[in-house]
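Participant: Line order of the protein sequences matches chains A and B.
If you count the first sequence from 1, position 96 lands on 96 in full-length UniProt numbering, and the numbers rise without skipping.
If you count the second sequence from 1, position 413 lands on 413 in full-length UniProt numbering, and the numbers rise without skipping.
Rather than coming from a laboratory, the hints here were simulated on the basis of the structure.
Source: prediction; values computed, not measured.
We put the beta carbon where it would ideally sit given N, CA and C, even for glycine.
Among the clues, some could well be false.
Unchecked claim - Per label pair, the in silico range of CB-to-CB distance:
id, chain 1, residue 1, chain 2, residue 2, range
1, A, Y36, B, R442, 44 to 50 Å
2, A, M144, B, H65, 27 to 33 Å
3, B, H350, A, A58, 33 to 39 Å
4, A, H133, B, Q131, 49 to 55 Å
5, A, F37, B, W375, 29 to 35 Å
6, B, E459, A, F37, 47 to 53 Å
7, A, A58, B, W345, 39 to 45 Å
8, B, Q131, A, D132, 52 to 58 Å
9, B, T57, A, M144, 57 to 63 Å
10, B, F417, A, D132, 48 to 54 Å
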Amino acid sequence: MGQQLPESIKSVWRLQASLNLLIEMIIIVGMLCGFYFLKWPMWIVAIIAAIFIIFSIAEFILISYRYQFWRYQISDHDVEVTTGFFVRKTTAVPILRIQDVTLSAGPLLQFKKLQSVKIHTATAVHEIGGVDHQTATSLKTKIMDLAKEEDVYDS
Amino acid sequence: MTAKPKYLHPAAIVVFLTQAVKEWWILLVLGIANRLWWWLLLAVCLELIIEVIRYATFTYTFDEHELVIKRGLINKRQSHLTYPKIQTFQTKQWFFMKPLGLVSLKIETSAQTNNRAEANLPVISIAEVDQLEKLKQNAASHVMTTEKTVDNDETVSQGQEKNKKQRYQIKWHDLNLYALTSFSIVPILLGLSVVYNRLEEMLPDGFMDKIFESFGQRTNQVIFLDILVLLLLAILASYFFIVQRYYHFEITTQGEQLTTQKGLFQTDRVTVRLNRIQSIVFVQSWLRQLLHLTTVQALVAANASDNEKSGDVVVIPVVQNKASYDIAQHFIKWLAVGHDKPTEWLQASHRGKWAMIRNVGLPALVISVIICILWWPYGLGSLVLLPLAWALGSYAGHTTGVGILQQDMLRIQIGHFFGKKTYYLPKKNVQSCQIKQSIFMRRTTLAHLMIRVRNGDVETVLEVRYLPLQDAHKIYSWFTQ
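Using the sequences plus the hints, can you model the full thing?
Facilitator: Here it is in structure tokens:
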């Protein structure tokens, strides 16, 4: 069901995961310094390093799953977003209930020329992880056009 | 702008002063306790000057288009409110303001300003409030007429309803029932503990210790009695608190407005537009359920309640189960006549019910095992938790459910702690519909259904847990149709 995110989002996620790994490495190096100079107990460093490594591996492995299970679909009445492998969530948001749409892109998404689309209702935010500029803009105009049709309810 | 700017009633100075006292009472008490009379006099004079300036710089004007409030001497502010955007009117009137015909008025629009009312007129006359409400109603009906040209069928029904006025006033008997079956003793006990903490901070060291010493000399029995008396006092206080608060509770609907009014010492009146009501909830705590009583509430998409964040408005404080739906219908038209039972009532499967019992039971088991080990053999008493947990889980399993009513409406019932809430929710007020399924539930083909509703400025998530996946999809596809 629905449309998949562009393939290039995977490399963004991979880059993101590598960056996280880099930060974790720096922390571990810092802690090793603590071990040598400040006599911190070794086991703390070992446990934290182990946790970091497990999380990094999991993050890399899960990328393809995340990609596989993240779908979106826009019909005339609603936006549907499906995410998650371990906890699968399927959400339908009626377009009439959408208050505003945010397009945003951090440096990584910009590098791959992608944008994330966030859909705000009065109560919650739903995200479509990353789509290319053209799709993002057309999504935005489509949603906003449909949302414009009826605002009597909120007047 | 033709109208002349008006000042508040001079009594506003008194209101400002009491507000100041409320804020600074600790300093005041400390000042009196330490006999700093000159400083106190200076502070009071300064305060008086500040409040007079505040009064003198606060003006308001209203005409048929908007309400303008100007205030501030150095940092001047001007707020403009247009009538169609006004969501709620809230007036409060202390009993001593009644003979003067004065009220304090709060106006909310749909803009989000950190839960502060957009317009706060601390003291104005009732006549002016009426005038404002009329202006607002005229503006609203003007909007309505422009819409009516599009939809012809609705015009007729709306025209008929416009003049109809529905009214409900609580009876003394019901009020008593409501007060007696409330659990507000808990907040009162909390309040007592806060007061106690404050006292301990402010009173000189050792004062509290002395009191406790005098306690220590008594026997256990006397202390037990003291606690009992304290509890009884708290219950009594909570009873009187609720009675005075809901005294002469009255609800009226007229045209597009719903108004509730209540209170003995302070009359609290809230006017909400009917189309802001998102959902009607029938609430039963376990105690009220035993007595076959129900409270009817409305979830409103505007700050209308005393609690600043949520939008719960009590429509009927307490009513017999059987009559509740019929009475609520008089006020909320979309609660269709005689259709309070859905054609198909979807509930957790056997497996799902079991999962709910397990979810409560496992933590209870862990806790009681730990207690047993730590306090052997008295800890065995904690095994009582297990049947309780079982009952909680199975109650939740049996009461929670969802069904589609005619006229595009959902009925969702959620059981929790032997109490239940039944939501009637028109499809157009659903913010989003979500199916959530963890990897373990995929094997048993169960799923949680989550419906988001707006309540005040926050969301309320109605979660129907452990539905069979196909049933969850039924609701989902009904929703996406």
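Participant: Each hint should be assessed against the structure and marked as holding or not.
Facilitator: For each hint, the structure was consulted:
1. Between Y36 (chain A) and R442 (chain B) the C-beta distance comes to about 48 Å, which sits within the given range of 44 to 50 Å.
2. The beta-carbon spacing between M144 (chain A) and H65 (chain B), approximately 29 Å, falls within the hinted interval of 27 to 33 Å.
3. The hint said 33 to 39 Å for the Cβ distance between H350 (chain B) and A58 (chain A), and at roughly 35 Å that hint holds.
4. Roughly 53 Å separates the CB atoms of H133 (chain A) and Q131 (chain B), a value that falls within the hinted 49 to 55 Å.
5. Here the CB-CB span from F37 (chain A) to W375 (chain B) is close to 46 Å, at odds with the stated 29 to 35 Å.
6. One distance hint, 47 to 53 Å for the beta-carbon pair E459 (chain B) and F37 (chain A), holds here, with the actual separation near 50 Å.
7. Hint check: A58 (chain A) to W345 (chain B), Cβ distance near 41 Å, so the stated range 39 to 45 Å holds.
8. For Q131 (chain B) and D132 (chain A), the Cβ-Cβ distance of about 56 Å falls inside the hinted range of 52 to 58 Å, so the restraint holds.
9. With their beta carbons about 42 Å apart, T57 (chain B) and M144 (chain A) fall outside the hinted range of 57 to 63 Å.
10. Checked against the given bound of 48 to 54 Å, the beta carbons of F417 (chain B) and D132 (chain A), roughly 49 Å apart, stay inside it.
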